[in-house]
Every structure is written in C-alpha cells, then in structure tokens.
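Chemist: Sequence:
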Amino acid sequence: MASVRVSKSVVKATLVAADVASWCCAFVILGLFLMSSVRETSVPYDPVKGSRLLSRPCDEIYVVGEGETLHTISDKCGDPYIVEQNPHIHDPDDVFPGLVIKITPKLPRKP
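Remember, my numbering sits 86 above the position in the sequence shown when you count from 1.
If you are wondering where the hints come from, they were derived from the structure by calculation, not from laboratory data. Only a predicted model underlies this, so the values are computations on that prediction, with no experimental measurement involved. Possibly wrong hints are sitting among the right ones.
[What the hints assert, rightly or not] Once the Cα atoms are required to be at most 20 angstroms apart in a straight line, the calculated SDA-like pairs of lysine to any residue come out as:
1) Lys98 / Val114
2) Lys188 / Glu146
3) Lys188 / Glu152
4) Lys188 / Gly151
5) Lys188 / Asp145
6) Lys94 / Ala104
7) Lys162 / Ser123
8) Lys188 / Thr155
9) Lys162 / Val150
10) Lys188 / Ile147
11) Lys162 / Ser122
12) Lys162 / Phe182
13) Lys188 / Thr158
14) Lys162 / Cys144
15) Lys162 / Val149
16) Lys98 / Leu118
Turn these sequences into a full structure, and let the hints steer you where they fit.
Modeler: Spelled out as structure tokens, the structure:
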C-alpha cells in the first residue's frame with residue numbers, strides 16, 4: 087500500500103473547518119433551546135365572568151363557572167333535573183367554580 091502524505095496546512099484547514107462547523111451547530115442548538123423555552127404570551131388568559139356566562143355553551147359535561155348557581159345553569163341549559171342526575175351534589179347551595187356536572191337538556195336552550 088502506498089502511504090498518503092498530507093501536508094500540515096491541509097490538516098490544519100480541516101481542523102479549522104471542523105471547529106467552525108461544531109461552533110455553528112452549538113449556536114443553532116442554543117438558539118433552538120432558547121426559542122423553545124420562550125412562552126407565547128400573545129393570547130392572554132381571559133376567564134369567563136359576568137354577562138359572558140350566558141353565552142357559554144351547555145355541553146353534556148359542564149364545568150361550573152364563577153358566579154353560577156344550579157338555578158342559573160338550569161335556566162340557561164334547559165335541564166331542570168341537575169341535582170337528580172348528579173349524585174355527588176349533596177347540597178344544591180354548595181356549588182363552586184370548577185365543579186363538574188352532567189347536563190341533560192330537556193328544554194330548548196335560552197338564547
């Protein structure tokens with residue numbers, strides 16, 4: 087086999103190119119990491135309160151919002167039997183935001 091002689095300048099140029107490539111990769115990885123750690127804040131959290139409660143949809147599974155009572159939910163969703171269909175509600179006056187209830191509309195929804 088013939089031995090191949092490589093000059094020192096070619097080896098040095100190859101090492102410099104490899105060093106530049108590794109620094110470029112490091113900066114790209116750092117940039118991707120920083121971009122993934124930034125949270126998008128263009129959509130602010132806006133809880134449903136006040137008169138906007140009336141415009142919330144009545145799904146079969148309903149989460150009670152702030153300021154709602156079983157009476158207002160019953161009127162809005164057309165389900166007069168909320169307490170009977172939700173055995174986990176022991177006291178109809180003890181309703182709090184975040185409570186999950188089952189809704190079965192019997193009447194057409196009020197606009």
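Chemist: Against each hint, give a clear statement of whether it holds in the structure.
Modeler: Taking the hints in turn, this is what the structure says about them:
About 24 angstroms separates the Cα atoms of Lys98 and Val114, which puts this hinted pair outside 20 angstroms; it is violated. The straight-line distance between the Cα atoms of Lys188 and Glu146 is roughly 6 angstroms, inside the 20 angstroms bound, and the hint therefore holds. Simply put, Lys188 and Glu152 have alpha-carbon atoms about 17 angstroms apart, close enough for the 20 angstroms limit, and the pair holds. Between the alpha carbons of Lys188 and Gly151 the distance comes to roughly 14 angstroms, so the proposed pair stays at or under 20 angstroms and holds.
For a cut-off of 20 angstroms, the pair hint linking Lys188 to Asp145 stands: about 8 angstroms separates their Cα positions. Among the hinted pairs, Lys94 with Ala104 is consistent with the structure: their alpha-carbon atoms are about 15 angstroms apart, no more than 20 angstroms. For the hint pairing Lys162 with Ser123, the CA-to-CA distance comes to about 42 angstroms; that exceeds 20 angstroms, so the pair is violated. A hinted pair counts as satisfied when its Cα atoms are at most 20 angstroms apart, and Lys188 with Thr155 qualifies at roughly 14 angstroms.
A distance of roughly 12 angstroms separates the Cα atoms of Lys162 and Val150; the hinted pair therefore holds under the 20 angstroms criterion. Proposed proximity of Lys188 and Ile147 is supported: the alpha carbons are some 5 angstroms apart, at most 20 angstroms. Between the alpha carbons of Lys162 and Ser122 the distance comes to roughly 42 angstroms, so the proposed pair goes past 20 angstroms and is violated. For a cut-off of 20 angstroms, the pair hint linking Lys162 to Phe182 stands: about 17 angstroms separates their Cα positions.
Note on Lys188 and Thr158: the hinted pairing holds, with a Cα-Cα distance of about 15 angstroms set against a maximum of 20 angstroms. A threshold of 20 angstroms between alpha carbons decides the hint, and for Lys162 with Cys144 the separation of about 8 angstroms falls inside it, so the pair holds. With a C-alpha separation of about 13 angstroms, the suggested pairing of Lys162 with Val149 holds against the 20 angstroms cut-off. Between Lys98 and Leu118 the alpha-carbon distance is near 30 angstroms, which puts this suggested pair outside the 20 angstroms criterion.
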